[in-house]
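J.: What follows is the residue order along each chain.
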Amino acid sequence: MSAMIALDNVQKRFGSLTAVDDLTLSIARGEVLGFLGPNGAGKTTTMRMIAGFLEPTGGSIQVCGFNVATDPIEIKRRIGYLPEGAPIYGDMTCRGFLGFVAEVRGYRGAEKKRRIAEVVDTVSLNAVLNQTIDTLSKGFKRRVGLAQAILHDPDVLILDEPTDGLDPNQKHHVRELIGTMASDKAIIISTHILEEVEAVCTRAVVINQGRLVADGSAEELLARLPHHNAVAVTVPVAEAAAARAALLKLGHMGGVEDSDTKGVLTTLRVMPHNGYAPVAEVAHHLKSSDITIESLYVERGRLDDVFRVLTDDAAAGYAPRV
Amino acid sequence: MRRRDTPLVFSVAAIAKRELSGYFATPVAYVFIVIFVALSSAFTFYIGGFFERGQASLESFFNFHPWLYMFLIPAVSMRLWSEERKSGTIEMLMTLPISTVAAVIGKFVAAWAFIAVALALTFPLWITVNVLGQPDNGVIAASYAGSLLMAGAFLAIGSCFSALTRNQVIAFIVAAAVCFLFTMSGLDLVLDVFRGWAPHILVDTIASLSFLSHFDRVTKGLIDVRDLVFFVSMIALWLYATVVAVDVERGA
Chain A
1 MSAMIALDNV QKRFGSLTAV DDLTLSIARG EVLGFLGPNG AGKTTTMRMI AGFLEPTGGS
61 IQVCGFNVAT DPIEIKRRIG YLPEGAPIYG DMTCRGFLGF VAEVRGYRGA EKKRRIAEVV
121 DTVSLNAVLN QTIDTLSKGF KRRVGLAQAI LHDPDVLILD EPTDGLDPNQ KHHVRELIGT
181 MASDKAIIIS THILEEVEAV CTRAVVINQG RLVADGSAEE LLARLPHHNA VAVTVPVAEA
241 AAARAALLKL GHMGGVEDSD TKGVLTTLRV MPHNGYAPVA EVAHHLKSSD ITIESLYVER
301 GRLDDVFRVL TDDAAAGYAP RV
Chain B
1 MRRRDTPLVF SVAAIAKREL SGYFATPVAY VFIVIFVALS SAFTFYIGGF FERGQASLES
61 FFNFHPWLYM FLIPAVSMRL WSEERKSGTI EMLMTLPIST VAAVIGKFVA AWAFIAVALA
121 LTFPLWITVN VLGQPDNGVI AASYAGSLLM AGAFLAIGSC FSALTRNQVI AFIVAAAVCF
181 LFTMSGLDLV LDVFRGWAPH ILVDTIASLS FLSHFDRVTK GLIDVRDLVF FVSMIALWLY
241 ATVVAVDVER GA
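The listed protein sequences correspond, in order, to chains A and B.
For what it's worth, this note's numbering labels the leading residue of the first sequence as 1, then goes sequentially.
For what it's worth, this note's numbering labels the leading residue of the second sequence as 1, then goes sequentially.
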């Protein structure tokens, strides 16, 4: 499938500051791309360039086969965009604002009414339809922003922190919504909430200081952590030495580390070998050596750790592979 | 998925409609209209000497329009773009499928229509002068049209400076200052600054840019296409500058 969004060596400079540096990226229909990076990494700038709000200083951006530089309006017709913080005209009512967006997008009469009724239903805005946007809670405002982004059923959806400031129920609802729309669209969402990436994204991209530092599924990113798929086993302190000796006899593993001692229990970490978690072997060896196993689990690592390793210079020494 | 193309006029209409409803959603519109009508009437009677003139004309009314517009119109225009930039809604607006030209014209049209409403609400003066005597209603109609055109030119200037800053106060002050220069440029106050060193042709050009002299001719009943062309080109020029400013500044 051809790419719905294609960034080719995109660069954006603000004076002497390079916000986005040589970014190449493509997103196909059906993909939900999680866009990650620390504050100031260039996420919002990149999304603004794709949405046609900012012009890149270098490189090219294609959306649905159109070039942002030459056909910005064609692209804007096909994109639904939720800007960061969902800035919306505060003195308008929800109904008025959605009516305005529908009109600008070329819908009139019955079609306009139908579209508005549909999105209002999708994002549950019925209760506040006649309220002024200034009087709405953050969650409702965000939903109005989402409503205007999906009003025209766009092929490409770009959502800058769509769940920021929402309560857990609302977050869940928005993620569900993204999930139902995912199959026939190309979607980019930026977020700081890494669990969100695992919940809704088919792929994650991490950028740092304007450069792409990782691109893959959540699982692939997790595999970058040295302790991903390590087997953590907790045994009584008294039996720790015996356990260690038993574990060292294991074949497929990358070493044994002491990870933590709390009270009478200590946790040993059996490092994976080529990504393989020797969980059955660990259980078997310890059992045959008569060692009490208090707990045994495979460590997956957390995306937060991947994120830190990839984007925090101070933490970089922590993972030699990255 | 093909959609019907939206012609420029529909985008402009949608923008203008939204803007205009925005004026009346807040007290801004009512305050402006009341002040405009009250001030223009007060000037007509107390400073312009409407009765003392003993003439059935609205010259004493229209004479003050450049001075009123000079600070009232920047008050309308200052929010056109500054507010969008300050609140960030410009990002929402400029990622909708409309051209910058459509957005600039839409906003301008809304503000201009709003000022037209304020101007139209001075109609009791027109009735009054007809009750008191037999004025030349052709001249009055032309003066109204000329006044509206001049208001458009002031508004286009204000729109440009509003696009250049996210601070409404700066937008107001700079626009008012520039409007002042354009109003006064035919008078010695401005021309003397240039006379000492600038070539004659420059001084003449500056003098010819005076809103005051163009508008004066219209209110005296001297309807010259050149004066109308002057105001229309002023509007076009400053709106073009606004388009450039919006496109340049949104990236900054």
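Be careful, since some hints might not be right.
Unchecked claim - Just so you have them, the derived chain A footprint on chain B, three or more residues with Cβ under 8 Å:
id, region
1, 97–103
2, 189–198
3, 227–239
Said to hold, decoys possible - One side of the interface only, derived from the structure: several residues of chain A facing chain B at Cβ under 7 Å:
id, residue
4, D91
5, R95
6, G109
Derived by calculation from the structure, the hints in this document are not laboratory data.
In this text, a Cβ means the ideal position worked out from N, Cα and C, and glycines have one as well.
J.: All hints, please: hold or fail.
T.: Evaluated hints:
With a threshold of 8 Å between beta carbons, the proposed coverage of the region 97–103 of chain B by chain A holds, since 3 of its residues qualify and at least three are required. Counting residues of the region 189–198 of chain B whose beta carbon lies closer than 8 Å to any beta carbon of chain A gives 0, which falls short of the minimum of three for the stated coverage. With a cut-off of 8 Å between beta carbons, the region 227–239 of chain B has 0 residues touching chain A; three or more are needed, and the interface restraint is violated. Annotation: D91/A was flagged as interfacial toward chain B, and the flag holds, the nearest CB pair being 5 Å apart, inside 7 Å.
The closest approach between the C-beta of R95/A and any C-beta of chain B is roughly 12 Å, which is over the 7 Å cut-off, so the hint fails. At a threshold of 7 Å, the smallest CB-CB gap from G109/A to chain B is about 13 Å, leaving the interface hint violated.
The structure fails to meet hints 2, 3, 5 and 6 from the earlier list, while all remaining hints are met.
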